[in-house]
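**Q** Listed below, chain by chain, are the residues.
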Amino acid sequence: MLEDEQKLVKKAQNGEVKAFGSLYDHYLPKIYRFVLLKVSHREEAEDLTHQAFLKAWENIEQYDFRGYSFGSWLYRIARNITVDYYRGARTEVSVEEISEIYLSKNNSMEEDVERSMEWQELAKSIKKLKEIEQDVIIMRFVEDLPLKDTAKAVGKSEGAVKVIQHRAIKNLKKLIEDKERNG
Amino acid sequence: MAKDLLKELQSLRDITPRSEYIAQSREHILSTPKSFYVAQSKQFGNGRGIVWESLSLSLSTIMSAAVVLIMLGGATGIMRVIVFNNLTAGVDTEGIIAEAGAASKDIDIQLNEARYYNIPTTKATATLGVVSANVTVDNNSKSSDADRALKEASK
Chain A
1282 MLEDEQKLVK KAQNGEVKAF GSLYDHYLPK IYRFVLLKVS HREEAEDLTH
1332 QAFLKAWENI EQYDFRGYSF GSWLYRIARN ITVDYYRGAR TEVSVEEISE
1382 IYLSKNNSME EDVERSMEWQ ELAKSIKKLK EIEQDVIIMR FVEDLPLKDT
1432 AKAVGKSEGA VKVIQHRAIK NLKKLIEDKE RNG
Chain B
3 MAKDLLKELQ SLRDITPRSE YIAQSREHIL STPKSFYVAQ SKQFGNGRGI
53 VWESLSLSLS TIMSAAVVLI MLGGATGIMR VIVFNNLTAG VDTEGIIAEA
103 GAASKDIDIQ LNEARYYNIP TTKATATLGV VSANVTVDNN SKSSDADRAL
153 KEASK
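Protein chains in written order, with our numbering: chain A, 1282 to 1464; chain B, 3 to 157.
To be clear, the hints were calculated from the coordinates, so they are not data collected in a lab. You can trust all of the hints, since none of them are fake.
Sample of chain B residues at the chain A side, in silico, Cβ under 10 Å:
#: 1; residue: L8
#: 2; residue: E10
#: 3; residue: L11
#: 4; residue: Q12
#: 5; residue: S13
#: 6; residue: L14
#: 7; residue: R15
#: 8; residue: D16
#: 9; residue: T18
#: 10; residue: R20
#: 11; residue: Y23
#: 12; residue: S27
#: 13; residue: R28
#: 14; residue: H30
#: 15; residue: I31
#: 16; residue: K36
Just so it is clear, CB atoms sit at the ideal spot from N, CA and C, and this is done for glycine as well.
Full structure from sequences and hints, please.
**A** If you want it as structure tokens, here you go:
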């Protein structure tokens, strides 16, 4: 969680643009990754992430701390936006977009190719999981979001999230093993 | 395998959005003005506390109720004029009053007749008692006593 996050939120709720800017800088990469792994399309992910932050800024006074981080509230907004996106026009999944982003980082060519292949496979496997399992896997294992905040973001109890994350990891492992076995 | 998988998942953290996108999106969001309603609710929420909020809510409820009552009162008055004017249009009111008067006279006559026949039961019983007591007397005097008793009872 961001240091003095609640102070920043209060300031943002009072209309301080700079405070919301700090929250945006901290959470943008996390929310973007979450959305990208869900939709597997860079431009769509950028658009949906933008929508999520815009919605958060317009409705920031509705956020009430009650022990949950601002991040969990943002993930909830992003999750709802991706659900709406899938209800509407679902575009063709192109996981290559993810590797393209990774390739843009400063790595050696060989490293890049190897990593990009691994990422493609991993992203494809994640996408084969149930919606809720995808959410929990990304929030808990990619972003290290605390159990309490994950539960709040997905609208489940902490116990239920524990069960889901256990099942999600098991299913993901099986999917990867199956893929390796079948070549 | 599980450890490798967790490492793999964590490596996805290296994914970052494009810097051009960040700059554009950030500028657009932060330049979006908050709506008037949001600004108002924030002012109430932060500046004056829950007492002011509840007070303003009660005040607005009372005002709304008053407006509704005034509207209903006005509507009733207007409706009364419209409805009664429309209903009585083309009706012979004098004829109706005369007919009602005649009907009430008939009712009065019938009530008088009913009163005439309505001899109180107690008086009738007493009269019958007197009649039955005088049964042993001669037939001529018995009938005259009974007639007298009935006349008294009917007064």
